[in-house]
Amino acid sequence: MTPSRTKFELKLGIATREAFGKTLVDLGRENKDIVVCDADLSKSTYTSLFHSEFPDRFVSCGIAESNMAAIAGGFAYAGKIPFIASFSCFVMNKGFEQLRVAVAYPNLNVKVVGTHSGISIGEDGPSQMSVEETGLACSLPGFTVISPADEVATAALVRAAAAHVGPVFIRTGRMKAPMVYPADQKFQIGKSIVLIEGTDVTIIATGLLIAEAIRAQEKLEAEGISSRVIDIHTVKPLDREAIERAASETGAIVCAEEHLVDGGLGVRVAQVVAETQPCPMEFVGIQDTYAESATPEQLLDKYGLVARDIIKAVHRLVGRKK
Amino acid sequence: MQPKKNLVEMEAIAKKLRREIVEMIGAAKSGHPGGSLSAVEVLVTLYFDVMRHDPSNPKWPDRDRFILSKGHAAPVLYTVMAECGYAPADKLNTLRKLGSVYQGHPDVRFLPTLEASTGSLGEGVSLGLGMALAARLNQSPSRTYVMLGDGEVQEGQIWEGAMFGAFHKMDNLCVIVDYNGIQLDGFVKDIMEVAPLAEKWKAFGWHTIELDGHKIPVLQAAFKEASNTKGKPTAIIAHTIKGKGVSFMENNPKFHGTAPTPDEVQRALQELQ
Ligand SMILES: Cc1ncc(C[n+]2csc(CCOP(=O)(O)OP(=O)(O)O)c2C)c(N)n1
Ligand SMILES: [Mg+2]
Numbered sequence: 022m023t024p025s026r027t028k029f030e031l032k033l034g035i036a037t038r039e040a041f042g043k044t045l046v047d048l049g050r051e052n053k054d055i056v057v058c059d060a061d062l063s064k065s066t067y068t069s070l071f072h073s074e075f076p077d078r079f080v081s082c083g084i085a086e087s088n089m090a091a092i093a094g095g096f097a098y099a100g101k102i103p104f105i106a107s108f109s110c111f112v113m114n115k116g117f118e119q120l121r122v123a124v125a126y127p128n129l130n131v132k133v134v135g136t137h138s139g140i141s142i143g144e145d146g147p148s149q150m151s152v153e154e155t156g157l158a159c160s161l162p163g164f165t166v167i168s169p170a171d172e173v174a175t176a177a178l179v180r181a182a183a184a185h186v187g188p189v190f191i192r193t194g195r196m197k198a199p200m201v202y203p204a205d206q207k208f209q210i211g212k213s214i215v216l217i218e219g220t221d222v223t224i225i226a227t228g229l230l231i232a233e234a235i236r237a238q239e240k241l242e243a244e245g246i247s248s249r250v251i252d253i254h255t256v257k258p259l260d261r262e263a264i265e266r267a268a269s270e271t272g273a274i275v276c277a278e279e280h281l282v283d284g285g286l287g288v289r290v291a292q293v294v295a296e297t298q299p300c301p302m303e304f305v306g307i308q309d310t311y312a313e314s315a316t317p318e319q320l321l322d323k324y325g326l327v328a329r330d331i332i333k334a335v336h337r338l339v340g341r342k343k
Numbered sequence: 007m008q009p010k011k012n013l014v015e016m017e018a019i020a021k022k023l024r025r026e027i028v029e030m031i032g033a034a035k036s037g038h039p040g041g042s043l044s045a046v047e048v049l050v051t052l053y054f055d056v057m058r059h060d061p062s063n064p065k066w067p068d069r070d071r072f073i074l075s076k077g078h079a080a081p082v083l084y085t086v087m088a089e090c091g092y093a094p095a096d097k098l099n100t101l102r103k104l105g106s107v108y109q110g111h112p113d114v115r116f117l118p119t120l121e122a123s124t125g126s127l128g129e130g131v132s133l134g135l136g137m138a139l140a141a142r143l144n145q146s147p148s149r150t151y152v153m154l155g156d157g158e159v160q161e162g163q164i165w166e167g168a169m170f171g172a173f174h175k176m177d178n179l180c181v182i183v184d185y186n187g188i189q190l191d192g193f194v195k196d197i198m199e200v201a202p203l204a205e206k207w208k209a210f211g212w213h214t215i216e217l218d219g220h221k222i223p224v225l226q227a228a229f230k231e232a233s234n235t236k237g238k239p240t241a242i243i244a245h246t247i248k249g250k251g252v253s254f255m256e257n258n259p260k261f262h263g264t265a266p267t268p269d270e271v272q273r274a275l276q277e278l279q
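Chains A and B are the protein sequences, given in the same order.
The first sequence maps to residues 22 to 343 in our numbering.
The second sequence maps to residues 7 to 279 in our numbering.
If we strip away everything but chain A, and leave its shape as in the complex, we get:
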């Protein structure tokens, strides 16, 4: 187990989409088989960095995400390692059928990167937001699904994804992400990280909600509630051992994610809990609705995705445990 640290400054780092774009350039230098496709959003996905350095291995697909997804399948059939990127909503929703039959079904080595995930993109509103991508990606047999919390996690996990043979979806965000990890933190696909040890309840989160979980833990500690915080950066395959241990040692679990509760991380964790060590659970996420335009902060607050909402869920759980 990673030794847990108690003090997190949570200073704002770069956005996870930017960390992805930078790592991709490093990978491009190391591996000539890596090719990158983008659908008229290269400045937003930061694949423009790869484009500048490796124009021959960058493919501009225009605003045509389904074509792009199947082109990636073709590249992979031919032995290349394609990374395709767009906003999560466009690449997953418009590309879904192609990711199913041209990528997942033949189990091809395609890396799909969604940026602008969740509702924290803010003012553009629901048509550009993604609240379904994790559920969609997890529903594709054989896909590995990764949701990094900060720039360090993103850099390491994009690397791990490139080294992994098989289809991977990586979920990144638009906003600058609070820094959770030291630069030398090690990551392994499928292996969660216990950020803070605790005994009364476990908070399992991904992405931006990791920082909120840490904030919640600090307040709960002041109230005398000891919470364990786990970063489950790999949503599929889940770290079943860590979940089972949390269920048996703390007896209560809150899942927190910037995604619809339906089809999200929480229901997947609940399946493992039900199969191993049934215990009370609560789910912090978006409740069967689309959001709206506003600042990211206003939206996270209004749609129940801040530390306050995790704390409320923990209070309910403490009541239910008795």
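Calculated directly from the structure, the hints in this document are not laboratory data.
Be careful, since some hints might not be right.
For lysine-lysine, the following DSSO-like pairs were computed, each having C-alpha atoms within a straight-line distance of at most 27 angstroms [what the hints assert, rightly or not]:
id, chain 1, residue 1, chain 2, residue 2
1, B, Lys97, A, Lys64
2, A, Lys64, B, Lys103
3, B, Lys260, A, Lys64
4, B, Lys97, A, Lys323
5, A, Lys197, B, Lys260
6, A, Lys323, B, Lys35
One-sided and incomplete, this derived list gives chain B residues near chain A with beta-carbon spacing under 10 angstroms [what the hints assert, rightly or not]:
id, residue
7, Gly105
8, Tyr108
9, Thr124
10, Gly187
11, Leu190
12, Leu203
13, Glu205
Values in this document were obtained by computation on a predicted structure and should not be read as measured data.
Don't be surprised by glycine CBs; every beta carbon is placed ideally from N, CA and C.
Since the structure of chain A is provided, determine the placement of chain B with the ligands on it from the hints.
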């Protein structure tokens, strides 16, 4: 019924809408000025001359309908709807703010007088086909107008709709492509060339008209020609200038999705007097 305006009035409205577009995006500090400004004359001509619609009865079943498939240009639609009385003119500067009827992309939940929620490019032709098919079933004279971006036509769904429209002889449907030559990442010719555009629609079986999308009389004549064309839908390829009317925004890819600073808003408003 919305009374028709004359050319002088429409040109004045176009200028006013341009000022409002720049101001509201400036106030929001985010948004898409370029593709809003390139579409002004098309929307003004439709709402103040061509379409049969009634702001006092927005759900009139036989009304003509407009779908902004390139939903990121919402400000141009909001200003023309506010000018007609479909939306509050005094709230334009709440664009993109929490609770505003003026959401970042058109959202029927917040502004029910909109005809469709859009923002994911590629869906407008199909939505328009559904509305036009319903009008046909209802034996309604209602016509449906759909505005597309030139980058947007890279989406395959556009061409599924194009094939359907001609096969089903949807002569109550008219598509307008805002051919401004720029998409998000740069110039269309560098990202994914779409030319020759009129030839493509023609090959799919559409009546096509190519014109200057900033000339209102030319647009008026084209829309007349479209409604007189029987047995096939019409595609109007409107050559436009992205950012039209503001010198430093014209033909400048930067202003696809960048809001003007307060200083730029002032400079733009001076140019649009
Ligand atoms: C399906 C989809 N993919 C990507 C985007 C992101 N996006 C918003 S505007 C835009 C460029 C649109 O260019 P164009 O259609 O030419 O519009 P205009 O020049 O009129 O603004 C892109 C790629 C989107 N809204 N929908
Ligand atoms: Mg364009």
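Each hint, compared with the structure:
1. B:Lys97 to A:Lys64: Since the Cα atoms of lysine 97 of chain B and lysine 64 of chain A sit roughly 32 angstroms apart, the hinted pair is violated (cutoff 27 angstroms).
2. A:Lys64 to B:Lys103: Between lysine 64 of chain A and lysine 103 of chain B the Cα gap is close to 25 angstroms, so the pair holds against 27 angstroms.
3. B:Lys260 to A:Lys64: The given pair, whose Cα atoms are some 11 angstroms apart, holds under the 27 angstroms limit.
4. B:Lys97 to A:Lys323: 22 angstroms, holds
5. A:Lys197 to B:Lys260: 22 angstroms, holds
6. A:Lys323 to B:Lys35: 21 angstroms, holds
7. Gly105: Given a least distance of 8 angstroms, the restraint on glycine 105 of chain B holds.
8. Tyr108: 8 angstroms, holds
9. Thr124: 7 angstroms, holds
10. Gly187: Where the cut-off is 10 angstroms and the nearest Cβ of chain A is about 14 angstroms from glycine 187 of chain B, the hint is violated.
11. Leu190: 5 angstroms, holds
12. Leu203: 14 angstroms, violated
13. Glu205: 18 angstroms, violated
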